[in-house]
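Number of protein chains: 2
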Amino acid sequence: MESARTRPSTRINRLGEEQSGSRERPHELLDSTPLATVALVRDGHPVAFPTGFARIADELVIHGSTGSRWLRALTDGASAAVSVTALDGVVVARSGFESSFRYRSAVVFGRFERVPDDQKLDYLETLMDTFIPGRVAELRSSSRKELAATMALRMPVESDNWSLKISAGWPEDPDDDVAAGAWAGLVPLTTAPDVPAHTPLPDSVRAMTGTLRNMAAHRA
Amino acid sequence: MESARTRPSTRINRLGEEQSGSRERPHELLDSTPLATVALVRDGHPVAFPTGFARIADELVIHGSTGSRWLRALTDGASAAVSVTALDGVVVARSGFESSFRYRSAVVFGRFERVPDDQKLDYLETLMDTFIPGRVAELRSSSRKELAATMALRMPVESDNWSLKISAGWPEDPDDDVAAGAWAGLVPLTTAPDVPAHTPLPDSVRAMTGTLRNMAAHRA
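The listed protein sequences correspond, in order, to chains Z and Y. Each residue of the first sequence is one higher than the one before, starting from 0 at the first, in numbering that gives the first Met the number 0. Each residue of the second sequence is one higher than the one before, starting from 0 at the first, in numbering that gives the first Met the number 0.
Here chain Z stands alone, though its shape is the one from the complex (with noise of 0.2 angstroms):
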């Protein structure tokens, strides 16, 4: 079917879900968030690592401990596939069938190498000014032995070792479904990160929810 370097297809089969165009670059949704998740092949087994990345002009960027073992496999050759998702909200649809999620997400193939130690000090401030911008002029310069501790590993973003899967489309609920009356739409999922998990929803806002929706059906 496919060749041992080829990508996996990544063509979305649900209804209501839209394929980017081929030419659409995932690099805005890269620059969006600072987290990927890296998933290596370690003794025919996968296994994955969430960590900090930046990209870098055309270039996926991380960084870490010299003694880390994962980057070691990384930097020794092995094959890696970077994902870097966003989850946009929840798409209610009149159907649990045609319910998904809206989401942006980006999974980038290849290897990494590690950046040579002349440029190693421009990429770790330039990653350090995309994670906290404008931090590298208000810190003191890094030690001899911080950057000796230090890794940064670079893949290239090319034009062809990536797939881009973007869900940004409402229900396509069935017209039998739609004549019945009932109400879709979208919910963002917006509770703040620092919000412990079971925390109830205080009545307020759950009300505000409730006119949120009439809102969302009156403008429908």
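Derived by calculation from the structure, the hints in this document are not laboratory data. Be aware that one or more of the hints could be misleading.
Claimed, not checked - Derived SDA-like pairs (lysine to any residue); straight-line CA-CA distance at most 25 angstroms:
1) Y:K144 - Z:E171
2) Y:K144 - Z:W169
3) Z:K144 - Y:G184
4) Z:K119 - Z:T149
5) Y:K144 - Z:G168
6) Y:K119 - Y:T149
Claimed, not checked - Take a look, some chain Z residues computed to stay more than 10 angstroms from chain Y by CB distance:
7) D117
8) K119
9) E157
10) V177
Backbone N, C-alpha and C fix where the C-beta goes; we use that ideal spot for every residue, glycine too.
Following the hints, complete the assembly by docking chain Y onto the known chain Z.
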């Protein structure tokens, strides 16, 4: 070093990060988000697929089209690493080296099995009621055709087939850097998911961020 069936070390080496005790289970993190990234091996290379999931009792459950190639690879017995990550903020230390992310990350390792047909409806309804609590009671029943086109997959979350990493600490700046009097703290990541990348922060919000910094400085 390790057998082919052993998962990799997940020890965190960076200062300022804290590995959770081995008795803490990943359940709370798994319950806090519906988004997982499933990594598997195809033709010797890693591939990764973001997907909605729910923890149901001690199982991790996903679902999708019966025509999905990657889901069929899983039901055919492919080894999987399921990664769930919450990014809670940026830890701003007094040096680049000590700066880091505050995050929680779980990876569950194992194989999925297809949920038998006589249990499928239960699983799909529980998934739906996890994604949209109370939704099943509001919906028409799934049609036979819809059920036939959908499969559910489950993987046990056992006592030892997962890793949990929690970075919840403050920067552990060296004494010299603390004595130098620079500010350090945490910046929560709370940009709304529907804000396009590169949208500039308004001046008023930028000013408020300064105020918050001062508040934090005063409290410390």
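Against the structure, the hints come out as follows:
{"no.": "1", "hint": "Y:K144 - Z:E171", "result": "holds, 16 angstroms"}
{"no.": "2", "hint": "Y:K144 - Z:W169", "result": "holds, 21 angstroms"}
{"no.": "3", "hint": "Z:K144 - Y:G184", "result": "holds, 24 angstroms"}
{"no.": "4", "hint": "Z:K119 - Z:T149", "result": "holds, 9 angstroms"}
{"no.": "5", "hint": "Y:K144 - Z:G168", "result": "holds, 23 angstroms"}
{"no.": "6", "hint": "Y:K119 - Y:T149", "result": "holds, 9 angstroms"}
{"no.": "7", "hint": "D117", "result": "holds, 18 angstroms"}
{"no.": "8", "hint": "K119", "result": "holds, 12 angstroms"}
{"no.": "9", "hint": "E157", "result": "holds, 16 angstroms"}
{"no.": "10", "hint": "V177", "result": "holds, 12 angstroms"}
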